[in-house]
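> Residue numbers (the numbering used here), protein chains in the order written: chain A, 763 to 1010; chain B, 763 to 1010.
Do not rely on the hints blindly, as some may be mistaken.
Note that the list lumps identical chains together, so a pair holds whenever it fits in one copy or between two copies.
Claimed, not checked - In silico DSS-like cross-links for lysine-lysine, where the CA-CA straight-line distance does not exceed 25 Å:
#  : residue 1 : residue 2
1  : 996       : 918
2  : 913       : 859
3  : 861       : 992
4  : 822       : 870
5  : 861       : 822
6  : 808       : 822
7  : 864       : 822
8  : 836       : 986
9  : 836       : 965
10 : 995       : 948
Think of the hints as simulated: they come from the structure by calculation, not from any bench.
Protein chains: 2
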Amino acid sequence: MAKRELPFQSRQEFHEEGHRVFLPHLSVDCVIFGFHNDALKVLLLKWKQGPWCLPGGFIKHRESIDQSANRILKERTGLDSIFLEQFYAFGDPAREKGKRVKGAWIGKRFITIGYYALVEYSQVFPQPDLLSSECRWWDVDEVPELIYDHKEIMNKALYTLRLSLNDHPVGYNLLPEKFTMPQLQKLYETILGEPLDRRNFQKQMLSLNLLIRLKERKTGGAHKAPFLYKFDKKRYSSALQTGLRISF
Amino acid sequence: MAKRELPFQSRQEFHEEGHRVFLPHLSVDCVIFGFHNDALKVLLLKWKQGPWCLPGGFIKHRESIDQSANRILKERTGLDSIFLEQFYAFGDPAREKGKRVKGAWIGKRFITIGYYALVEYSQVFPQPDLLSSECRWWDVDEVPELIYDHKEIMNKALYTLRLSLNDHPVGYNLLPEKFTMPQLQKLYETILGEPLDRRNFQKQMLSLNLLIRLKERKTGGAHKAPFLYKFDKKRYSSALQTGLRISF
Chain A
763 MAKRELPFQS RQEFHEEGHR VFLPHLSVDC VIFGFHNDAL KVLLLKWKQG
813 PWCLPGGFIK HRESIDQSAN RILKERTGLD SIFLEQFYAF GDPAREKGKR
863 VKGAWIGKRF ITIGYYALVE YSQVFPQPDL LSSECRWWDV DEVPELIYDH
913 KEIMNKALYT LRLSLNDHPV GYNLLPEKFT MPQLQKLYET ILGEPLDRRN
963 FQKQMLSLNL LIRLKERKTG GAHKAPFLYK FDKKRYSSAL QTGLRISF
Chain B
763 MAKRELPFQS RQEFHEEGHR VFLPHLSVDC VIFGFHNDAL KVLLLKWKQG
813 PWCLPGGFIK HRESIDQSAN RILKERTGLD SIFLEQFYAF GDPAREKGKR
863 VKGAWIGKRF ITIGYYALVE YSQVFPQPDL LSSECRWWDV DEVPELIYDH
913 KEIMNKALYT LRLSLNDHPV GYNLLPEKFT MPQLQKLYET ILGEPLDRRN
963 FQKQMLSLNL LIRLKERKTG GAHKAPFLYK FDKKRYSSAL QTGLRISF
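Model the full assembly from the supplied sequences, consistent with the hints where possible.
Have a look at this one:
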């Protein structure tokens, strides 16, 4: 279990002297979405005697922002090897209004850079760090009150995730290796939060040329056995890199 | 013509004491694309006795990042009322490697937040500021060497602009009020940098329900007069806000 190593003797020293280790005025927040059993969740931390928040932290003087995001996520939740995508910087000078922690360094205005990811949440094991009393998944529709503008950050990440379905494939590592078209559709519906037309979905999906239809069919159901598919790994990776073919 | 008002007595004082006015370690860079006569251009500044660069600047202590981006663009190029969209923060600690300006404040590492816009470039009149000797449009395929990672920032903006065609309508304020389908297709082709299939484009475009076909036709050409279209302003605005219908 990864515990956050504070490079300071006390919390007060960290609040006063953080600028020796971290860049001033800059933070990173991570929005980790989890998919499992047709539900979309988001990973939140609860500060000891405090509110719920996104897992976040600060940028070391010699780190790239991407490195910071990965380190912060690991230190604060134990999650490792997650592909994080930067999506937006939040810079309203009033975003922490009236709620800033005291301290020469940490009491200043912070612009935060948001990262997000989508993971299969039964395969990751979040753990709270020393600053937090809890670290757990919440249904995206049932998120409690969050600190600062963290709800807005989460909503922007969700909007970005939904839009990304237009441009990038999704499903690998979220679905079993072999899956049916209804399983794939359910994944898209869960992310989008709305039902989709079955025929249109199948047509669009097949037109992307990312799927290989297998000879075997799913067995055991009451209805006619549906086809099984798997992703064409090469085409899938290539579409992740370059984006899906522009629709026009 | 908007000239940049430096709140300092000298350039040296600005380089040393900028932190009194601006946040440390943070900058903003603007990638302004221009469309005109079927060409895609980008607006660049040339530092006096220095390299070409994107119009950029710093964030005042009480400004939002959006406000900074708009102020910077106006101060550095004279452009006003441009709808700027934030797209990415660039934070490699080596991004200005070996090329930082000297000064206690400005000589530090800067993370820059990128904004972009697409405008009809015959309708804007860029003007260099006091720090620059030139401010002009360059064809995106003929951009000269740029300072730091500005070429990478420009390319990421271009990639974002291209992907945005999947999610958002484009054309209003770039085309005449009444236009033909080939004119609209040429706009898309110019942004994407590649030819598109005529039939498929028309089919996709019409399926978005953003166009109103007019009774009058374009006259004067050698061929059969093509239909004229205009945007349905209400649907266009709504699609700008919420994004185009997800393709699935």
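> Please flag the earlier hints that this structure goes against, numbers listed from lowest up.
When the structure is compared with the hints, numbers 3, 8 and 9 turn out to be violated.
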